[in-house]
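2 protein chains.
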Amino acid sequence: MAMCLLLKAFHRLTALSAVRRTRLCHPPACVLSRAMVALPSVLFPKRSDLSLPNSSWGSEMMRLYEHYNGQCEVETQGGQKQRGLWRRLPSYNRSLKYATGGAYLSKIIQSKARFFTRHIRDPGAGFEYVLFSNKEEKKCVCIFQAGHLLEGFPGHVHGGAIATMIDTVTGVHASLIAVPVMTANLNINYRRYKKNIL
Amino acid sequence: MAMCLLLKAFHRLTALSAVRRTRLCHPPACVLSRAMVALPSVLFPKRSDLSLPNSSWGSEMMRLYEHYNGQCEVETQGGQKQRGLWRRLPSYNRSLKYATGGAYLSKIIQSKARFFTRHIRDPGAGFEYVLFSNKEEKKCVCIFQAGHLLEGFPGHVHGGAIATMIDTVTGVHASLIAVPVMTANLNINYRRYKKNIL
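Sequence lines, in order, name chains C and U.
Here the UniProt record's numbering is used: the first residue of the first sequence is 1, the next is one more, and so on.
Here the UniProt record's numbering is used: the first residue of the second sequence is 1, the next is one more, and so on.
Since the hints were derived computationally from the structure, they do not count as laboratory data.
In this text, a Cβ means the ideal position worked out from N, Cα and C, and glycines have one as well.
Careful: at least some of the hints might be erroneous.
Simulated coverage check for chain U against chain C, where a stretch passes if three residues somewhere in it have a Cβ under 8 Å from a Cβ of chain C [claimed, not checked]:
1. 78-92
2. 138-150
3. 163-172
Incomplete in silico selection of chain C near chain U, CB under 8 Å [claimed, not checked]:
4. SER95
5. LYS112
6. PHE153
7. HIS158
8. GLY160
9. VAL179
10. MET182
11. ILE188
12. ASN189
13. TYR190
Turn these sequences into a full structure, and let the hints steer you where they fit.
Structure (structure tokens):
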């Protein structure tokens, strides 16, 4: 099953400076230095774009992916290709900003930190998703397939995993069309699963 | 940093029969049988209670744990111990209900499924938490410490990870004092982190 979230910027967001989220936990003994020093490059191996299809993607996920991916590049009358209205957003399991940021965390924690939706390595086990953005129309689409490590009630995806995807998509979308933001309010009404959403 | 959530049953919940959440993804080829057959016992190794302290718990987490754990058993005037108002809730990385349930999923997926908040094995890397329940006063407390795999914005816990904990706690709490439920609406206002909450 793949779920497709089509979002316009509808939820209340706040600029980054206005709200600080709970900081990541770390043993107090590690908080020795707040100096911003670039980490050694060995801590940043070549990153894989995790929003590309892999063998775990189901047929519905692939169908939706190809639908939107096909709109990222369009063919002109002369047979040449040019950029379309949509753009696939690459996705990684950590932020490069740690190289010069993360002042509140020790370097050990910084080097270990992974983006919540991308820390599961086994393809298909966790969050499989890809985001497409259409800046002109201020639209964003997320195609999402949930794996067996996201279980809540037996046989169902955990409500928190769904909330995580919605928070991720709306945050990325708002940051793309405006400024970097953090969510101030998240209000979700869960609904039954409906097939054939496209 | 540990976060303590004290909750009364305040959010809108719905009985399990009223709302079905999106089902876990699985390759269509696996959906061959819907018969409810008990899985072999080898798929259910001895379960560890993951709500007990481990070496990753910080001092604040331990302080809160001991505060509530001390109220699970009280000493009478005669020096004897008796059950207090609070109870620590054990927590596992999967539901035993799969042995006779999970009709929508193949047996392979069932055997792999893990509870979302408990699938991370490395102590301190993901969700470290414990729930205490007080049925008489209809209160529930969650003591939560976030690890380095729950990152959202660099150096901050992902909003979805916080939503996951709130959904987990309210769901468990409502199920304990009423009937098994699934969340119909989740409405969260994120706030700044405040120290010394107890």
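Hints versus structure:
1. Figure legend: the segment 78-92 of chain U, annotated as covered by chain C; annotation inconsistent (0 residues with Cβ-Cβ distances under 8 Å, at least 3 required).
2. Look at the segment 138-150 of chain U against chain C: 6 of its residues bring a Cβ nearer than 8 Å to a Cβ of that chain, three or more, so the hint holds.
3. Coverage of the segment 163-172 of chain U by chain C holds in this model, with 7 residues showing a Cβ closer than 8 Å to a Cβ of that chain against a need of three.
4. Evaluation of the SER95/C hint against chain U yields a held restraint, the C-beta minimum of about 5 Å falling below 8 Å.
5. Given the 8 Å rule on beta carbons, the hint for LYS112/C holds: about 4 Å separates it from the nearest Cβ of chain U.
6. Annotation: interface hint on PHE153/C holds; nearest CB of chain U at approximately 6 Å, less than 8 Å.
7. About 4 Å separates the beta-carbon of HIS158/C from the nearest beta-carbon of chain U, less than 8 Å, and the hint is met.
8. Evaluation of the GLY160/C hint against chain U yields a held restraint, the C-beta minimum of about 2 Å falling below 8 Å.
9. Annotation: interface hint on VAL179/C violated; nearest CB of chain U at approximately 13 Å, more than 8 Å.
10. Annotation: interface hint on MET182/C holds; nearest CB of chain U at approximately 6 Å, less than 8 Å.
11. Interface hint status for ILE188/C: upheld, as the beta-carbon distance to the closest one in chain U is roughly 5 Å, under 8 Å.
12. For ASN189/C, the interface hint holds, the least distance from its beta-carbon to any beta-carbon of chain U being 5 Å, beneath 8 Å.
13. Among the interface hints, the one on TYR190/C holds; its C-beta lies about 6 Å from the nearest C-beta in chain U, closer than the 8 Å criterion.
In summary, the numbered hints that this structure violates are 1, 9.
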